[in-house]
Amino acid sequence: MSDIILSVSKFPAFEDKVNLERIYLAWHTQNAFNEDDAALDILSDIFSGSKNARLTRKLVYELQIVQDINSMQFSGKYGGHFMIVATAKPGKSLDEIKNIIFDEVSLLIDKNISKLELQRSKNVIKSNFIYSLQNIDTVADLLNLYNFYLGEPNSFNFDLNRYNNVDEVKIQRVVEKYLQKNYVELRIVPEKRNAI
Amino acid sequence: MQFDRSKRPTSSEEIKFNIPGIQNFKIQNGLEIYFSEKKDLPIVRINFLGDNGSRFDPYDKKGLCNLLAMCIDEGAGKFNALQLADEFELLGAQFSVSCDADVSVVSLQVLSENFNPALKLLCDVITQPHFKNDDFELQKNNVLLRLNQSKADPDYIADVSFEYFLFGNSSPYAFPVMGIERTVQNIQPDFIRDLYKNNFATLNSAMVVVGNIDKDSLQKELESVLGKWDNTPRIDNTPVNVNRAQRKVFIINKPDAVQTEIRTGHLSSKRSEKDFFQKQAINLILGGQFSSRLNLNLREKHGYTYGVHSHFSYFKEAGYFAISTSVDLSNTANALHEIYLEIEKIRECITNEELSFAQSSLTKKYPSNFETYTQIAANMSTKVINSLPDDYFETYIKKISSLTLNDVNRIANDSIFPDELISVLVGDSKTIFSQLSEKEFGEIAILEFEDVFQK
Numbered sequence: 121m122s123d124i125i126l127s128v129s130k131f132p133a134f135e136d137k138v139n140l141e142r143i144y145l146a147w148h149t150q151n152a153f154n155e156d157d158a159a160l161d162i163l164s165d166i167f168s169g170s171k172n173a174r175l176t177r178k179l180v181y182e183l184q185i186v187q188d189i190n191s192m193q194f195s196g197k198y199g200g201h202f203m204i205v206a207t208a209k210p211g212k213s214l215d216e217i218k219n220i221i222f223d224e225v226s227l228l229i230d231k232n233i234s235k236l237e238l239q240r241s242k243n244v245i246k247s248n249f250i251y252s253l254q255n256i257d258t259v260a261d262l263l264n265l266y267n268f269y270l271g272e273p274n275s276f277n278f279d280l281n282r283y284n285n286v287d288e289v290k291i292q293r294v295v296e297k298y299l300q301k302n303y304v305e306l307r308i309v310p311e312k313r314n315a316i
Numbered sequence: 033m034q035f036d037r038s039k040r041p042t043s044s045e046e047i048k049f050n051i052p053g054i055q056n057f058k059i060q061n062g063l064e065i066y067f068s069e070k071k072d073l074p075i076v077r078i079n080f081l082g083d084n085g086s087r088f089d090p091y092d093k094k095g096l097c098n099l100l101a102m103c104i105d106e107g108a109g110k111f112n113a114l115q116l117a118d119e120f121e122l123l124g125a126q127f128s129v130s131c132d133a134d135v136s137v138v139s140l141q142v143l144s145e146n147f148n149p150a151l152k153l154l155c156d157v158i159t160q161p162h163f164k165n166d167d168f169e170l171q172k173n174n175v176l177l178r179l180n181q182s183k184a185d186p187d188y189i190a191d192v193s194f195e196y197f198l199f200g201n202s203s204p205y206a207f208p209v210m211g212i213e214r215t216v217q218n219i220q221p222d223f224i225r226d227l228y229k230n231n232f233a234t235l236n237s238a239m240v241v242v243g244n245i246d247k248d249s250l251q252k253e254l255e256s257v258l259g260k261w262d263n264t265p266r267i268d269n270t271p272v273n274v275n276r277a278q279r280k281v282f283i284i285n286k287p288d289a290v291q292t293e294i295r296t297g298h299l300s301s302k303r304s305e306k307d308f309f310q311k312q313a314i315n316l317i318l319g320g321q322f323s324s325r326l327n328l329n330l331r332e333k334h335g336y337t338y339g340v341h342s343h344f345s346y347f348k349e350a351g352y353f354a355i356s357t358s359v360d361l362s363n364t365a366n367a368l369h370e371i372y373l374e375i376e377k378i379r380e381c382i383t384n385e386e387l388s389f390a391q392s393s394l395t396k397k398y399p400s401n402f403e404t405y406t407q408i409a410a411n412m413s414t415k416v417i418n419s420l421p422d423d424y425f426e427t428y429i430k431k432i433s434s435l436t437l438n439d440v441n442r443i444a445n446d447s448i449f450p451d452e453l454i455s456v457l458v459g460d461s462k463t464i465f466s467q468l469s470e471k472e473f474g475e476i477a478i479l480e481f482e483d484v485f486q487k
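Note that the protein sequences, when read in sequence, are chains A and B.
If you count the first sequence from 1, you need to add 120 to reach my numbering.
If you count the second sequence from 1, you need to add 32 to reach my numbering.
One or more of the hints may lead you astray.
As the list claims (entries may be wrong) - Think about it this way: if two alpha-carbon atoms lie no more than 27 Å apart in a straight line, the pair counts; the simulated BS3-like pairs of lysine-lysine are: (1) Lys209(A) <-> Lys164(B); (2) Lys172(B) <-> Lys137(A); (3) Lys183(B) <-> Lys137(A); (4) Lys212(A) <-> Lys183(B); (5) Lys164(B) <-> Lys178(A); (6) Lys430(B) <-> Lys302(B); (7) Lys172(B) <-> Lys209(A); (8) Lys171(A) <-> Lys172(B); (9) Lys172(B) <-> Lys218(A); (10) Lys183(B) <-> Lys209(A); (11) Lys152(B) <-> Lys246(A); (12) Lys110(B) <-> Lys235(A); (13) Lys178(A) <-> Lys110(B); (14) Lys172(B) <-> Lys178(A); (15) Lys137(A) <-> Lys462(B); (16) Lys235(A) <-> Lys152(B); (17) Lys246(A) <-> Lys71(B); (18) Lys110(B) <-> Lys171(A); (19) Lys172(B) <-> Lys212(A); (20) Lys164(B) <-> Lys212(A); (21) Lys164(B) <-> Lys171(A); (22) Lys242(A) <-> Lys152(B).
Hints listed in this document are in silico derivations from the structure and should not be mistaken for laboratory results.
No experiment lies behind these values; they were computed from the predicted model shown.
Okay, chain A solo, but in the shape it has when bound:
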């Protein structure tokens, strides 16, 4: 159980050798296999796991202001964080993109996701899990991962079941619990070229 919090939100910004602007948003969440961890994984799929995902559909297809968008629950032994990353199309504003992302977050608090959205996420997660078992390295990695975090290498079914047990209310709860706290917002933009 991780209880790290940020006392204030932080806003680092840098220029670099890139052609497009990008924004990274990150919130502290939970350790691997904590009771909220699976719900946060599903949340990232809801946000950006498919063309119809909340953020992808809005920013990439409807408004067309974003080149790509990704989200992920990173979880480890002592804590975790949830991240949303968006690359802006040329001339599009990171401020506008940020506002829309936060709007979509609020929407998830106001109204639960649909049963269909949840079912789709679960189907994708289950299928990807089985696909990954094709590789003996992945099986070895998983045995090691389960042993490290859970003390029991044979935890394949446990792992899959914790996703099956997530419902729509749980998703709303983790959004409320983690994505309304202080966060880190990193911006990387193209270097300003000096006029000759």
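Given the coordinates of chain A, work out where chain B should sit on it, guided by the hints.
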């Protein structure tokens, strides 16, 4: 479950490796199906192969085939773009379309329990794509943006410039699969629709299936969803001319690059039974493994680079040999000198020890290429695309094991050409140019990336 570490596990005997069996059959419209049953997981993988790639793109529309691949799944059958994506997702199916210089691939991976509905969707994409104008515009913009982003990437600049200078402006293999900004701008939705009509057809295609399904069920499903599909292709088989070259170096100016990207190589023969296996061994020895001659020289001995590797690349109608690495700027000429030296030396004498090492590595690693559904499907696809002999997989290990030193040394001389080396160096051109000598490396040209693909 605790493991008893006091007793060392007994080693097994040598594990016998069996190549997965492949069956083939045709469905009623003549489409050829290649099938391998694989039962260890409840998965089915399909690669639908189309005989069309970027090499058929008209000169002023480079990137056409790639855009077709990007648009074909933006709405098909009774579903628009977003609905179709949703339908695949609901089935937990992984679906993608891609193309390279020679082939388009529509691929699907799905759990056996969802095979039938997923196959139906795949066939909708192949037979009833929508190609709506606004979906096209979105994809076209995506490509233009990606091309713009790529300009900042020295790796990308090196790769595409190298192939361009290697093949020459008029060659169908010279331009990137994605195209270039100037040509992609020319592409309109009707060109995509025409390309689809003329190129996606049964006679031009084949299907590879690897999965936990029995042949009869598979055949029945395929007949039902694809059996009546009929489309007559316009097959265009212009031969590709390949010219011999002389040594030349192209420096592409990128002042903010932290290292110099190096690509060096020359044109080579098409894939052929006569020298393919020898070239595999030669490549491994020269630059295809950590302990290769190139890596031991440039990385271990001189510390010029984190890693250098070489490969023989095979297109359907051409081939080339290339070495690729990134080195620190101040050692650009030194690194290039060592690379050219190793290319000369490999023609002098490959040793018995080197050959045995390569044979051991290639044969012992071979079974690991048949682990996953994806790999087996990819191998079968390579076999189909290159019309390899029926027993290609079964005889690979024997062919490598029976290579002789004389043969390998002979082929090294017949396939590596130091006098024809084309090099592309991406980095700060002033610094790089000051290090190089034309006497050693041949004619040197300096240019900006935007000037590479001339009209």
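- Task: Give me the numbers of the hints this structure contradicts, sorted from smallest to largest.
- Result: Nothing - there is no hint that the structure violates, so all of them hold.
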